[in-house]
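First to last, the protein sequences are chains H and F.
Count the first sequence with my numbering and you get residues -10 to 320, in order.
Count the second sequence with my numbering and you get residues 28 to 417, in order.
Source of the hints: derived by calculation from the structure; they are not laboratory data.
Warning: the hint list may mix true and false statements.
[Said to hold, decoys possible] Calculated from the model, a selection of chain H residues having no Cβ within reach of chain F, i.e. all distances over 12 Å:
| id | residue |
| --- | --- |
| 1 | R17 |
| 2 | R61 |
| 3 | F69 |
| 4 | A77 |
| 5 | A82 |
| 6 | V119 |
| 7 | Q135 |
| 8 | S138 |
| 9 | K190 |
| 10 | R252 |
| 11 | R254 |
| 12 | N264 |
| 13 | E281 |
| 14 | G295 |
[Claimed, not checked] Which bits of chain H does chain F cover? Going by a derived footprint, with three or more residues having C-beta under 8 Å, they are:
| id | region |
| --- | --- |
| 15 | 30 to 41 |
| 16 | 97 to 110 |
| 17 | 232 to 240 |
A virtual CB, placed ideally from N, CA and C, is assigned to each residue, including glycine.
Letter by letter, the chains look like this.
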Amino acid sequence: MNDNDTSVDISALRNEQPRFTGIESGHRACLGCGEALAARLVTEAAGPDVIYANATGCLEVFTTAWPESAWRVGWMHSLFENAAAIAAGMEAALKRQGKATKVIALAGDGGTFDIGFQALSGMLERGHNVLYVCFDNEAYMNTGVQRSSSTPHAASTTTSPSGEARMGKRHLKKDIVSIVAAHHIPYAATSSVAYPSDIRKKVRRAMAIDGPTFLHIHSTCPLGWGHDGALSIEVARLAVQTGLFPVIELERGSVVSVMPIRRVRPVTDYLSIQNRFRHLFADDDQARVELEHLQALADHNIEVYGLRGEKADALDSEGANTVQRGGMQWA
Amino acid sequence: MLQALEGSQALARTVALCRPQVIAAYPITPQTHIVENLSRLVADGTLDCELVSVESEFSAASVALGAVAAGSRAYTASSSQGILLMAEVLYNIAGLRMPLVLTCANRAVSGPLSIWNDQQDSMAVRDAGWIQLYCADNQEAVDTTIQAFRIAEQCELPVMVCVDGFTLTHTLEVIDLPEQQQVDDFLPAFSFERRLDPANPISIGTLVSPDYFTEARQSHHQALENALQTIVDVQQEWGQLAERNCDALLNTSGPADARIGILTLGSIAGTLAAAMDRYTDNPATRLLTLRTFRPFPAAAIRQACQGLTDLVVLERALSPGSGGIVGAEVRAAFSEIQDAPRVHNFTVGLGGRDVPLEIYPHLHQAIRDGRGLPFAILDLEPDKLPEAAC
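The shape of chain H in the complex, shown without the other chains (with noise of 0.2 Å):
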């Protein structure tokens, strides 16, 4: 390199880089995107000896937009409901050929909760050894911010829009983890993009295993939730502190461990900063009650999970989002 030659050496420069990265800077996401981040953190956590067969969704669109492409792992995109169907022919291909690669299937809710649904079932019951994350931002985002099965109850969304004779959503958000869990497979786990090292952690559990895991990432959407993109972390971090999303690890169909609310917030605080709930705001008695339905929600998860910390603890909600990489040494 001549004094007066600027450019990096990208090679050399991934070379010294500390971590592995799956997704490179320079992709199309939206400021503040949950799932780019979560995806980011995946694909760091499960290291280079992957494949991945991705959904149909903002991830694949906004990661690939030929002739470029922002993943440095082996990926695939092939259709919206079959990631799962995919990844276990992948994984089916390296173990006839002796390799001890993992096959990573990454969708979002509409291709897990609703469209891959099956394909997710047949995947899990037939035991393969996959690792299937889904980004959960609890609605048809890549569409323009349609209902899915996940969108929680009383959400505003296109298709479910708030007006005079509706209060959003209708129906509840589906509790997909037991039904992944239910499989028994070996692990199922949720997480949120507000804690890294809780995503890291349960990204190494998961390719530990040989067979079918499942890892369910809260993962904000500032667009469709309508919230300042800045606000991504503190938006996740609150639908955990409220309980309306439980982090919570199970195996083989029972629940082993919980992450500990160590101050346990009401659910209005996570609601009242985005505008899909807005209308719950409202001076209006449907209004009220369906936020009363909503901290009811929220009270029973942590009724059924025992989410209520007895004292703080470096890996509860407080706590955990200040463990960083190499250690325990910051909470």
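Chain H is already provided as a structure; the job is to place chain F on it using the hints.
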């Protein structure tokens, strides 16, 4: 070695000879005996491969696709509703230029429900970008299946081998099943350059904007057109090895001076050949059996039809509101040439309706009567129609 085998059994054993590494399938009549036989071969230890018994045809095609992308030879088989459930994946496999082989045990498509043979299923996906080869008998199905893997892997295109459900899949025939060594010599071990490999990461199936999509489609179209020559070459090579010669694109039999021709595809060809031997007092007839439907061998058809005044296109599928599917394409192939034969287009044998030997003199009568211009269903029984449809 000659042996009496059921079509499905022969096909399963042929697939095994091709050493697939991943097989994914979902049972559907009349394809079931193929997957059952393959499962038996795996259980016996005769076939060493990953057999993925999936929860749907959609996943069968997807698993096969994933397997090829990860670098393994893959196979699947289906029929009818299964082919249609796969349709989205079939387009995707072809568009991503993934070499794999699918056997379609041809069956009617519901509704109303019919489990019996016609070719509506494979015709419904003729534009998916697959190579489609139609087999006249089970020996041809065996030979074509082996060739299909070679063609697929050489062209980086998927190949659908179409065999008439029941008529072929469930019929015992004397088959010359090749030796393993013969197949190994003909079909090299699977090696796919565009496979997903952590050491050399690539992205497959990206989002393509209007800036590039047309060119992607054109290159796919061109690949199919180029495949015509590969199909011919591969057939020639296998024909020499197996000492069985047939024409790769279109088989022609009958007197060269015939003025009347019948073009068909699939097992009806055998019925017509037998009928021509029996009903010898009919005008000389040239029998054209279309083996390769995609890519469409328009030039070969034009050549084979030289000298004909009348051509019957006899097919087992229907495009409601239009008529015959193959017939329309054959007519289009003649559109630029002078003195092309008159094309009589008939659909016959829908939903398993038997196509007997007697169809042959019936066709000659239809030509004399000027029927099938442009299109008719040949074996319709009008007294069974509801009144409103008459």
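Next on the checklist: Output the indices of the hints that this structure fails to meet, ascending.
Outcome noted: 1, 2, 3, 4, 5, 6, 17
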